[in-house]
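Q: So the sequences go chain by chain: H and F.
If you count the first sequence from 1, position 19 lands on 18 in numbering that gives the first Met the number 0, and the numbers rise without skipping.
If you count the second sequence from 1, position 144 lands on 143 in numbering that gives the first Met the number 0, and the numbers rise without skipping.
Hints listed in this document are in silico derivations from the structure and should not be mistaken for laboratory results.
Careful: at least some of the hints might be erroneous.
Since the list gives no way to pick one copy over another, a pair counts as held whenever it fits inside one copy or between any two copies.
Said to hold, decoys possible - Pairs of lysine-lysine residues, derived as BS3-like cross-links and limited to a Cα-Cα distance of at most 30 Å, are as follows:
| # | residue 1 | residue 2 |
| --- | --- | --- |
| 1 | Lys12 | Lys68 |
| 2 | Lys50 | Lys84 |
| 3 | Lys12 | Lys150 |
| 4 | Lys84 | Lys12 |
| 5 | Lys68 | Lys50 |
| 6 | Lys84 | Lys150 |
| 7 | Lys50 | Lys12 |
| 8 | Lys74 | Lys12 |
| 9 | Lys150 | Lys74 |
| 10 | Lys24 | Lys121 |
| 11 | Lys68 | Lys84 |
| 12 | Lys24 | Lys12 |
Values in this document were obtained by computation on a predicted structure and should not be read as measured data.
2 protein chains.
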Amino acid sequence: MIRHFEIDLQGIKALVLAMGGTVEKALAEVCQALFTRDPHRLAEVHLQEQKVNDLQIQVDNLCVQLIAKQAPVAKDLRLVIAAIKINTDLERMGDQVVNIAHCAADLFLQGQAIKMLPDLLKISERVRSMVRDSLDAFVRRDVSLSQEILKRDDEVDQLKDKIIQEMVSSMRLNTEEIEPSLGMITIARNFERLADHATNIAEEVIFLATGDDVRHAKND
Amino acid sequence: MIRHFEIDLQGIKALVLAMGGTVEKALAEVCQALFTRDPHRLAEVHLQEQKVNDLQIQVDNLCVQLIAKQAPVAKDLRLVIAAIKINTDLERMGDQVVNIAHCAADLFLQGQAIKMLPDLLKISERVRSMVRDSLDAFVRRDVSLSQEILKRDDEVDQLKDKIIQEMVSSMRLNTEEIEPSLGMITIARNFERLADHATNIAEEVIFLATGDDVRHAKND
Numbered sequence: 000m001i002r003h004f005e006i007d008l009q010g011i012k013a014l015v016l017a018m019g020g021t022v023e024k025a026l027a028e029v030c031q032a033l034f035t036r037d038p039h040r041l042a043e044v045h046l047q048e049q050k051v052n053d054l055q056i057q058v059d060n061l062c063v064q065l066i067a068k069q070a071p072v073a074k075d076l077r078l079v080i081a082a083i084k085i086n087t088d089l090e091r092m093g094d095q096v097v098n099i100a101h102c103a104a105d106l107f108l109q110g111q112a113i114k115m116l117p118d119l120l121k122i123s124e125r126v127r128s129m130v131r132d133s134l135d136a137f138v139r140r141d142v143s144l145s146q147e148i149l150k151r152d153d154e155v156d157q158l159k160d161k162i163i164q165e166m167v168s169s170m171r172l173n174t175e176e177i178e179p180s181l182g183m184i185t186i187a188r189n190f191e192r193l194a195d196h197a198t199n200i201a202e203e204v205i206f207l208a209t210g211d212d213v214r215h216a217k218n219d
Numbered sequence: 000m001i002r003h004f005e006i007d008l009q010g011i012k013a014l015v016l017a018m019g020g021t022v023e024k025a026l027a028e029v030c031q032a033l034f035t036r037d038p039h040r041l042a043e044v045h046l047q048e049q050k051v052n053d054l055q056i057q058v059d060n061l062c063v064q065l066i067a068k069q070a071p072v073a074k075d076l077r078l079v080i081a082a083i084k085i086n087t088d089l090e091r092m093g094d095q096v097v098n099i100a101h102c103a104a105d106l107f108l109q110g111q112a113i114k115m116l117p118d119l120l121k122i123s124e125r126v127r128s129m130v131r132d133s134l135d136a137f138v139r140r141d142v143s144l145s146q147e148i149l150k151r152d153d154e155v156d157q158l159k160d161k162i163i164q165e166m167v168s169s170m171r172l173n174t175e176e177i178e179p180s181l182g183m184i185t186i187a188r189n190f191e192r193l194a195d196h197a198t199n200i201a202e203e204v205i206f207l208a209t210g211d212d213v214r215h216a217k218n219d
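All chains should be built: construct the whole structure from the sequences, respecting the hints.
A: Below is the structure:
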């Protein structure tokens with residue numbers, strides 16, 4: 000019975016990681032599209048997101064089956080519940096990446112030169128490392144890495160605010176810049192939301208490993 | 000055993016509904032603050048969100064305890080998992096309402112007259128009814144109401160796009176309007192995200208009642 004449980008649990012973990020890897024790949028593609036101004040890469044983003052959606056349903060089903068068949072308790076049950084929640088976060092992250100792809104497509108369509116803001120590149124790199132690290136933290140149940148991710152979320156918020164201010168200045172100087180700048184703001188906001196989801200995953204890991212609920216420690 | 004389970008389940012349902020009611024109250028307060036230009040009402044929003052956060056932890060704990068103690072299967076297990084997911088949605092909805100409150104506070108601080116866009120009032124009303132109906136649909140496991148909510152989400156998206164276009168026109172006419180218009184766009188986007196969460200709840204209800212996974216039927 001215990002061995003069955005361990006095998007099923009490893010299966011769920013493997014699927015969650017495959018899903019995380021797919022989100023990372025979609026994110027890498029959309030960044031590549033943005034920063035090399037290559038609209039052809041956007042199709043790949045949608046294919047990856049489709050995979051994320053399919054994996055979400057699989058993970059959900061496996062988790063429910065595992066609970067029903069094996070009736071896990073205590074830490075094991077917490078791990079399965081964490082997988083269900085992380086699953087939801089990863090699926091939403093797929094949506095954010097697709098939102099970025101839509102914004103990029105609009106900018107390409109309008110024939111707008113996508114401004115290569117250094118801060119946009121910076122926020123994309125920060126977010127990508129947060130996503131990668133949140134998945135590593137989940138695999139290793141790494142509390143200190145998770146706590147570091149919570150701190151990095153604040154930096155991403157600051158970067159987003161800085162990008163908004165830059166875009167407001169650009170709009171003030173030239174009204175032709177209003178629509179492309181709004182697109183850039185939407186892209187920055189979606190990166191920030193991706194960071195929020197990575198933070199949710201990190202909080203789940205801390206709770207799993209320590210039993211400390213840090214979800215509302217920061218915001219209140 | 001069965002009676003215990005039913006009592007615990009009713010307890011969870013009651014807490015989820017209390018949480019939903021608190022989100023609705025916070026949403027009503029922030030709308031009142033916005034549309035009567037009354038910054039004093041914003042403090043109440045933060046108090047309500049604090050309650051939502053506390054309830055989230057309670058609901059999560061009760062759900063995990065119920066699974067561990069009673070080992071529900073099939074539909075009963077699905078209901079508890081749905082409660083865990085709806086719990087997450089409601090907590091995020093609290094965050095969106097607080098985001099709207101922050102935007103409103105910024106607009107008040109800047110001494111900006113908040114434009115009484117008819118479409119902003121409309122989107123707020125649509126979203127409030129979607130939130131209310133998604134909770135009713137959960138209580139009654141009402142599939143047709145849930146399906147109606149999915150359709151109303153498209154209308155909210157269209158309203159949000161319309162507001163963005165109106166704001167872009169206003170920014171083009173007067174650069175002084177750039178920052179307040181951006182605030183209005185952020186408010187509209189947060190209303191739209193509230194509608195997305197109500198839609199998630201409706202999708203959970205459909206899955207609970209019919210076993211049909213409609214989560215990715217629309218977007219792909």
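Q: Tell me the hint numbers this structure goes against, listed in increasing order.
A: none
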